[in-house]
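**Q** As they're listed, the protein sequences go chains F and R.
Letter by letter, the first sequence follows residues 113 to 360 in our numbering.
Letter by letter, the second sequence follows residues 764 to 1123 in our numbering.
Treat each hint with caution, since some may be false.
[Unchecked claim] Which residues of chain F face chain R? A few of them, derived with a C-beta cut under 10 Å, are: (1) 113; (2) 127; (3) 143; (4) 183; (5) 189; (6) 191; (7) 194; (8) 294; (9) 319; (10) 321; (11) 323.
[Stated by the list, open to error] When the alpha-carbon atoms are kept at most 25 Å apart in a straight line, the in silico DMTMM-like pairs for lysine to aspartate or glutamate are as follows: (12) R/898 - F/180; (13) R/898 - R/871; (14) R/898 - R/933; (15) R/898 - F/291; (16) R/898 - R/887; (17) R/898 - R/913.
[As the list claims (entries may be wrong)] Computed spacing ranges between beta-carbons, pair by pair: (18) R/1057 - F/268: 27 to 35 Å; (19) R/898 - F/130: 49 to 57 Å; (20) R/929 - F/223: 53 to 61 Å; (21) R/818 - F/333: 32 to 40 Å.
Since the hints were derived computationally from the structure, they do not count as laboratory data.
Where a beta carbon is used, it is the ideal one built from N, C-alpha and C, also for glycine.
So you can see what is in the structure, the chains are spelled out below.
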Amino acid sequence: MRLLRFTGFTLLEYLRSGRVAIEIIAVMATYFVFLRRPMDAEYFFSVAGIFTPVLTLYTMAAFIGLGDRPQGYVLLSRGVGRATFLLGIFLAACTIVAGAYGLLCLTVALLNRPIDLDLLGWLLGTLPLLLNIGLLAALMLMLSPLVFPTSWRLVVLGLIALAFSSNFIGGTLLQALPETLRSLLRALQALLGGPLVPAFYGFQLAVTRDYSTPTAYANLLAQASLLVSLLGLALYAFSRRDLIFSSQ
Amino acid sequence: MTDVIEITELHKNYSELQVLQGLSLRVAAGEVYGLLGPNGVGKSTLIHLMLGFLRPSRGRLRIFGDSNLERVRARVGYIPERQRYHTRYTPREYLRFLGSFSGLAGADLHERVERELATVGLRDAAERNLGTFSKGMLQRLGVAQALLTDPDLLLIDEPTSGLDPAGQREVIELLAAVRDRGHTVFLCTHYLHEVELLCDRVGVLAGGRITTEAQVADLRDVAGSVRVQVGALSLEQRRHLEALGVGVRADAQSVRINPNTPALQAAVLRALLDAGVAILALEPLESPLERLYLQAISGKLAVAEPTVLPPAAWAAPFKSAPAAATSSTDAPSGEGDTLLNELLGRTDGQEAGGRRQDAE
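Given these sequences and hints, build the entire structure.
**A** Dropping the structure here:
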């Protein structure tokens, strides 16, 4: 209950600040630029699958900024525990992004409905998409100055870069590396890229809405598990660190 | 009395920077403790450690006998140094939210919010946006939010920092009223007059530890030097006053006593009364607290264990005043206060009457 109250408090502040106009403008711009043409469900979810992570990057950054202020000391001294504080920020940001996605869907439903999309199809496409929003928001929260010290942030970002390194270390460059280093790099890419699979497959699932195989359900479970793991790690790190908010 | 705050050998480091270095401190229930120290010495760090925002590097910290500070937080009110609040809300909304976070609800929440708005004088501004508030008003809001749950312990960090003189006065008057509610109060400040006005006991933080502690009442007893403002003094009256002690210097409109003792002060006041001279004011020129503070932060009182100074320790320098200063009267210590009360028309009863007779 306290978590819901704190989430409401954070949301209300965000709405009153007028910053939500950015999300509304982003929705309108996306609709007018990409979604006014005749389209099918696959195209709609492809656009929505890119729109929502980009919006999550902006909105989560804005909420992390709201949380990382000296105002937080009073809240934390008044019964808002550290876990509630962090989860409240996460939930408020996710609510805004999910709301923006909802607004986009509503606009599309009213003005230019995809020819092959019914309510069930919309729900099936939306579920992995929302989980991806949560995943990205949790990752950003974990990598924010609120939660991880700079050294840890650099380590995690380095690991993520290593996981994606197959995109830019390949071909002749990879061949030029010694055999041992090449094997090690491939192993690390496979190992570190593993946690990214549910997010990418989640995007694919949203576009195809193909739930005919158990893999689809397993992926939803993997997305949810990864989300819980990231949040758990963020909460653990936040609970143990010295709280020194930015003095904006 | 039970100790509300118990700190033993507390250390806090930020990487290589050692802020607190073996700080030990105890504050009893109902006590108002003032922690003095220059800016950047670690006062706010100590409060943040007590609130559990920071983790000690070493040492023991207990609030209400519990080292799990999350568990006791509901019994603690905190007034932060910086008046940073969520400015998109009105004070009423903001207090209602904070109250609900603390587990208050319904009529109880409503009643407490209205009560504290009235206590800090913000009822008329209760529907204004916090963004329009002055620093003084925001600090009053800070007091209101801290009192909302009627906490047993109040942690106050530099309450008048950044306020203009009028704002400072407002907040001090407010805190003086709050003090009378009987909370245990831990006040960090670098303003000596706040400690003199509000605190029972004072400690000076220097070099990462409490170097000196004293009862404020003891420090109030004797001002190191005072000036008595008078209507007018003739040359003969000035000579007579200066003959009372080598520390007495008089001009046409004032008498300075330095070093001051209760006995010498009483003798001067009595002489002025006897001569029918109008006494306009008695002002301390240097407070013992100021002397204590300056000596502590300059390292002159820095010792392994905090120096707890009894009244005698502070009277000592003044007792070493020339014999002529004390031989002119046999008035006991404290009689100066009685005489002052007499001047102000505040004494009555047998004891005061007896003293008047003695003086005659």
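**Q** Okay, which hints does this one fail, numbers in order?
**A** Of the numbered hints, 3, 8, 9, 10, 11, 13, 15, 18 and 19 do not hold.
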